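If you read the protein sequences in the order shown, they are chains D, F, W and G. In terms of the working numbering, the first sequence opens at residue 1 and continues consecutively. In terms of the working numbering, the second sequence opens at residue 173 and continues consecutively. In terms of the working numbering, the third sequence opens at residue 273 and continues consecutively. In terms of the working numbering, the fourth sequence opens at residue 628 and continues consecutively.
Since the hints were derived computationally from the structure, they do not count as laboratory data. Keep in mind that the hints are not guaranteed to be accurate.
The calculated DSSO-like cross-link candidates involving lysine-lysine, where the alpha carbons are at most 30 Å apart (straight line), are [stated by the list, open to error]:
(1) G:694 - G:666
(2) W:311 - W:488
(3) G:925 - G:637
(4) D:169 - W:488
(5) G:925 - D:4
(6) W:462 - W:311
(7) G:666 - W:401
(8) W:488 - W:346
What you are looking at is a predicted structure, and each value in this text was computed from that prediction instead of being measured.
Listed below, chain by chain, are the residues.
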Amino acid sequence: MVDKVLFYIFAGLAIASAALMVTRRNAVHSAIFLVTALLATAGIFLQLRAEFLFIVQIILYVGGIMVLFVFVIMLVNLDVALQQIQFARQKWVALIVALALSAQLGLMLWSSEKIPGQGIPVLAAPAASDLPPNSEAVAQSLFGTYLLAFEIASVLLLVAMIGAVVMAKKEK
Amino acid sequence: MLPIGHYLFLSAALFIIGVIGVITRRNVIVILMSIELILNAVNINLVAFSRLYGDVAGQVFALFIIADAAAEAAVGLGIIIAFFRNRETVLADEMDLLKW
Amino acid sequence: MGPQHPSTHGVLRVKLKLDGERVIGSECIIGYLHRGVEKIGENRTYQQFAPYVDRMDYVAAVSNGLGYCEAIEKLLVVEAPPRARVIRTILTELQRIASHLLWLGTHALDIGALTPLFYCMREREEILKIFEKYCGARLTTHAFRIGGLQYEAYDTLEKDVERFCRDFESRVTEYETLLTHNRIWIGRTKGVGILTAEDAIAFGVTGPVLRASGVKWDLRKAAPYAAYDQYKFEIPVGTTGDTYDRYLVRMEEMRQSRLICLQAIENIPAGPILAKVGKVLKPPPGEVYHAIEAPKGELGYYVVSDGTVQPYRVRIRPPSFINLQAFDRMVRGHLVADVVAIIGTIDIVLGEVDR
Amino acid sequence: MIQATMDFLKLYWAPLLCGLVIVAVLPLIVGYIVLVERKLMADMQARLGPMRVGPHGLLQPIADAVKLLIKEDIIPDNADKLVFWLAPVLSVGAALLSIAGLAIGPAFQIARDINIGILFVVGVSAMGIFGIVLGGWASNSHYSLMGSLRSSAQLVSYETAAGMALVSGLLLTGTLNIKAIVEAQYTEGIWFGMLAPVAFFIYLVASIAETNRAPFDLPEAESELVAGYMTEFSGFRWSLYFLAEYTNMIVVSSVATTLFLGGWLRPFARVAFFNFLDYVPSLLMIGVAGYCLLRTPKQPSRVQQLFMLAVAVLCFAVALVLLAPAVLPIAKPFYAGIHGGFWFIFKVSAYIYFFMWLRFTIPRYRFDQLMRLGWQFLIPLSIVNVLVVGVALIVSSYFNLHGWAMLLVTTPAAILALVVALMILAAGQEGQAGKESAAAPDFYGG
Chain D
1 MVDKVLFYIF AGLAIASAAL MVTRRNAVHS AIFLVTALLA TAGIFLQLRA
51 EFLFIVQIIL YVGGIMVLFV FVIMLVNLDV ALQQIQFARQ KWVALIVALA
101 LSAQLGLMLW SSEKIPGQGI PVLAAPAASD LPPNSEAVAQ SLFGTYLLAF
151 EIASVLLLVA MIGAVVMAKK EK
Chain F
173 MLPIGHYLFL SAALFIIGVI GVITRRNVIV ILMSIELILN AVNINLVAFS
223 RLYGDVAGQV FALFIIADAA AEAAVGLGII IAFFRNRETV LADEMDLLKW
Chain W
273 MGPQHPSTHG VLRVKLKLDG ERVIGSECII GYLHRGVEKI GENRTYQQFA
323 PYVDRMDYVA AVSNGLGYCE AIEKLLVVEA PPRARVIRTI LTELQRIASH
373 LLWLGTHALD IGALTPLFYC MREREEILKI FEKYCGARLT THAFRIGGLQ
423 YEAYDTLEKD VERFCRDFES RVTEYETLLT HNRIWIGRTK GVGILTAEDA
473 IAFGVTGPVL RASGVKWDLR KAAPYAAYDQ YKFEIPVGTT GDTYDRYLVR
523 MEEMRQSRLI CLQAIENIPA GPILAKVGKV LKPPPGEVYH AIEAPKGELG
573 YYVVSDGTVQ PYRVRIRPPS FINLQAFDRM VRGHLVADVV AIIGTIDIVL
623 GEVDR
Chain G
628 MIQATMDFLK LYWAPLLCGL VIVAVLPLIV GYIVLVERKL MADMQARLGP
678 MRVGPHGLLQ PIADAVKLLI KEDIIPDNAD KLVFWLAPVL SVGAALLSIA
728 GLAIGPAFQI ARDINIGILF VVGVSAMGIF GIVLGGWASN SHYSLMGSLR
778 SSAQLVSYET AAGMALVSGL LLTGTLNIKA IVEAQYTEGI WFGMLAPVAF
828 FIYLVASIAE TNRAPFDLPE AESELVAGYM TEFSGFRWSL YFLAEYTNMI
878 VVSSVATTLF LGGWLRPFAR VAFFNFLDYV PSLLMIGVAG YCLLRTPKQP
928 SRVQQLFMLA VAVLCFAVAL VLLAPAVLPI AKPFYAGIHG GFWFIFKVSA
978 YIYFFMWLRF TIPRYRFDQL MRLGWQFLIP LSIVNVLVVG VALIVSSYFN
1028 LHGWAMLLVT TPAAILALVV ALMILAAGQE GQAGKESAAA PDFYGG
């Protein structure tokens, strides 16, 4: 019962703040709403018993990336960006794309119950208690089966760091 | 653990809002933010299925996506700063010159 | 940095030209505390002008008074009696310690160390008590008269000064332990605001700032006045002329002043305290320039008399005003945070700069 | 629906209640920490500190709180209302939320043993940066924007150093759960601060920088930035920031106590010889009560004497409560809870005392020195330290040494880390000497 209530709170919060983020004129306001959306998603991770991901999401996404975003928004002095109109003319194009997308996804969700065998396997999810302690499990698989992927990801981060530094360096 | 449909619907909604954001907004920073939102929608799906099958691989993959999002944000913002310093603008429309 | 600013030791406005964080150029705008002391001097009698002199460098009022009185005595070709000269030396040296204490407290506060300020104030309180017992006033004392002293030394003067000097030595070492070898203090002051010896001489900078740049010049030795020729003391000299050296020079000066006081109170000669100077002073027409070593530097008085009761012209050479000129050379190339440290280290008092 | 909420309440009434108590009591605790700080500062500076409100200024925090509440709440014109309101709330929220993860004693923990304990606390307190950045931005004055950018840059860079220091600490514990960490220190019989002294030192320095205090309180105490990001906030909003800063201080010191100083363990917890230490807490409180009794007659006014008497009686009662488990057999089960709580609070206050002590004695770093220290010295050192502690652990598990014996391996490891630190320093120094411009201060000269 608690799960259901929690899920609806977080889901509603996520969708509302995502919508607000897209529509806000002021970049800082949209950044704040994105932060609320990210926190709501973190809440959903928690509801799905993925605590490690919950805390990684908070530290890395909200504590790291969003701070970077707010930094850049402040460095790009706001008054210049504000006067420029924020919304592109392709409003209609966006609407059509959104409708097509939602139709497709809706069809997929709806059809899953109807057409036997194709839909999503409705399994009984394992009870929360017998799940292995989350962070240990993540650690085992991260450094066990996916060690190579882990190394590649670290190389990727290294490249990104170098790129960012080169990009943003002041030409002496 | 609610039936999986709820999570799918939620991530679909977030995905759509992200796409709308990318298309309609002119401010490059907000476009980058919408891309972050799309990545987040994907994460929800991954974690939902990993919880459904009880296999933690989904969460590990979500971890990699977050790492990638961090890398992408860092480079993206670097480009924006470099670009803003030259052209004093942050709007996607005005980034039309191939060589500024 | 506006006139009303927490760390500019009074009303000094500094216009900084910045490139990001670095200071490219600076311009000091003064005059906020200009009271036209010199113009007032021209229509006051010699005795009446003496209290104005204390209001100039309000942190070291006693040495201002000493400079002015000795200049007029030179004009009148009158010699203050030996007893008056010794007591004058003691009081001036105490004032030097008090002025350096105030400098140390505020300078350390600007750089962030909170506690030295209160320790310095505690010591300075002792000195001000001695002044109060002697001449009734703590800050603008007007302790001296032309030709000697107004008040006889109160009976426990020797004992008070001796008690103060006895435990002052441990206090100075206390400040040293707090600051001198403190890595952050060194980081903030070493190599900051460097003034080479040539620049110092070119700018006409005097006092501890000059001595820290390596030039061994102190009026108490070069042109001894009052009773300084009777006492032995060294002149501390720095090497690189940065903020850290100025800090060391001033700390050493406090110790030397303490030695002078100890030597002085051993034998205060008996005798009159006021030379025979008439009620109405009419110095013969002529001019005199007399300079003394004030805590901030060379404080000079150029007095022109036209034979009447009032001086024709009184020109005062304030050390702070001239040290301030070297400020721009020192600040160039430093960060904004260093500007605060540099203002502190040249130890200026705006009353003296603006007059 | 009611039935659902009923069992929800039955399940979670304890944490909800504790959460409520914490949020109510915390401003008072912070108020008294501020009073202690002012008294300590005065004591070190040969003066008395607040004496006027209540005996020995004991009622000063209440007076401050009331003053802050009734102060006029100025909002700068064309400031961004939403963000201006949100920033301090975000800051305090993050700080209070991270308190929930902490464990005061074995019994008293709001979020009952979350699997990711310490990480949760560090992660959530990382959210505080938003409060500062947005606060600086919302009051749209150039100075506070610069101040907020500087302080958030400082926070972000020192968080990495603190994080890496925690990692090397967590290598020893093997788990993130706070209760398990302290139990691990109990089984090992030695505090991890001794096993990984370099990590403890790095975390100490990084935590000072993270809470914007002592030599690193640059952004708000800088002479030309006046009060940094807090300038435009007045009255209640400012007190929220103030509350956030002190709560962060409590959080950071309790994380350090849990991980490095053995949480709620009595020093030498397992050694029977030191059992007399159980009586120390109550003796201490009796001493305090005695001192208060001594001072009561000297109080100027009647009401202050009564107040002092009340304080004395209170301390005496606490002494009795502390004495009970050590003496009476029936109170044995409460032993861990009460004594644990006392030792935890004792260690946290010792840590905070060190914070304050630093603040009064040493001057302030300049911003570029501060960042240089963070990036060029602390972060590389903490990474090297993780490596060194890891190697030490493998070696000690190879010889399966435990407890004090592990010191044989970890102390050489610590010395190795220090040698590396000196090398980093020396390298840093050449870099300085290389730069010819007079402006670059000789960072580690003398």
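Which of the stated hints cannot be reconciled with the structure, identified by number in ascending sequence? The structure conflicts with hints 2, 3, 4, 5 and 6, although it agrees with all the remaining ones.
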